[in-house]
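A.B. asks: Sequence:
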Amino acid sequence: MKEKAALLLKHRLFFPVVIALVGAGLIFYAYNYHIRHLLTEIDTVEQNIRSVNKATLVKEVKALEEKKKKLKEEYDKVRESAKVYDEKIYKDKYTVAVDILETLNSSAFNIYKYDLDRSYDHISLTISGSYLNLIKFFDFLQTIKADIDIEGYKIELKERKMHIDLKIKIGILKI
Numbered sequence: 001m002k003e004k005a006a007l008l009l010k011h012r013l014f015f016p017v018v019i020a021l022v023g024a025g026l027i028f029y030a031y032n033y034h035i036r037h038l039l040t041e042i043d044t045v046e047q048n049i050r051s052v053n054k055a056t057l058v059k060e061v062k063a064l065e066e067k068k069k070k071l072k073e074e075y076d077k078v079r080e081s082a083k084v085y086d087e088k089i090y091k092d093k094y095t096v097a098v099d100i101l102e103t104l105n106s107s108a109f110n111i112y113k114y115d116l117d118r119s120y121d122h123i124s125l126t127i128s129g130s131y132l133n134l135i136k137f138f139d140f141l142q143t144i145k146a147d148i149d150i151e152g153y154k155i156e157l158k159e160r161k162m163h164i165d166l167k168i169k170i171g172i173l174k175i
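Counting from 1, position 48 in the sequence shown corresponds to residue 48 in our numbering; the numbering is continuous, with no gaps.
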C-alpha cells in the first residue's frame, strides 16, 4: 500500500507540477512574445524618427539654402548700390573740386599752381592776391564748408598794396 500511496502521491504531484510548468512556460512565451513585439515596435518607431529627422533636416537644409541665396542676392544688391553711392560721392567730390578751381580761376586771384589729390579729398593750392580778395576767397570756402589748412604764407608790399601768397590745403571730406 505504501507503494500505491507513493505512486498516487507521485501522480498527484506530477500533474499539478506538469500543469504549473506548462503554465509557466506559456506565461514565459507570452511575455517573451510581447517583449519581442514591443522591441520590434520600438525599432520601427526609431526608424520612423530617423527618417522623419532626415526629412526634417533635408527640409531645414533646403530652407537654409534658400535663405542663404536670398541673403546673397540682398548682399549683392547692397554692394552694387554701395558701389553706385561711392561713385556718386567720388563724382561729387570731383565736381566740388572743379567748382572750387573754376571759382578761383574766374576770380581776381593769381593761382601759381594747384594739385588736385587723386582721391579728391583735398586740393593743394598756392594762391596770390590782395587782402580783400583773400577774405572773399575764405568766405567762399566757408559757404562750401571745406576744411582749410594753411601750410605756409608770404606777405609782401607791392606798389603800396599788401600782397599775400598762401599755400593752403582745402579738404573736401565733408561732402
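Among these hints, one or two may not hold up.
[To be verified] DSS-like mimics (lysine-lysine), calculated; alpha carbons at most 25 angstroms apart, straight line:
1. K68 - K54
2. K77 - K62
3. K72 - K59
4. K72 - K62
5. K77 - K54
6. K54 - K70
7. K59 - K70
8. K69 - K59
9. K54 - K67
Note that these hints are calculated values from the structure, not bench results.
A.B. asks: Could you grab the alpha-carbon distance between K72 and K62 and see if it respects the 25 angstroms cut-off?
C.D. replies: Holds, at about 15 angstroms.
A.B. asks: Are K54 and K70 close enough, with their CA atoms no more than 25 angstroms apart?
C.D. replies: Given pair K54, K70 holds - Cα atoms ~24 angstroms apart, limit 25 angstroms.
A.B. asks: Does K70 sit within 25 angstroms of K59, going by the straight-line distance between their CA atoms?
C.D. replies: 16 angstroms, holds
A.B. asks: For a C-alpha distance cap of 25 angstroms, please report whether K68 and K54 respect it.
C.D. replies: 20 angstroms, holds
A.B. asks: Tell me if the straight-line CA distance from K54 to K67 falls inside 25 angstroms.
C.D. replies: Holds, at roughly 19 angstroms.
A.B. asks: Hint check: K69 vs K59, CA-CA at most 25 angstroms. Holds or violated?
C.D. replies: 15 angstroms, holds
A.B. asks: Taking only the CA atoms, is the gap from K72 to K59 under or equal to 25 angstroms?
C.D. replies: The given pair, whose Cα atoms are some 20 angstroms apart, holds under the 25 angstroms limit.
A.B. asks: Hinted pair, alpha-carbon criterion (25 angstroms max): K77, K62. Please report holds or violated.
C.D. replies: 23 angstroms, holds
A.B. asks: Hinted pair, alpha-carbon criterion (25 angstroms max): K77, K54. Please report holds or violated.
C.D. replies: With Cα atoms ~34 angstroms apart, K77 and K54 exceed 25 angstroms; violated.
In terms of the numbered hints stated before, the structure departs from hint 5 and from no other.
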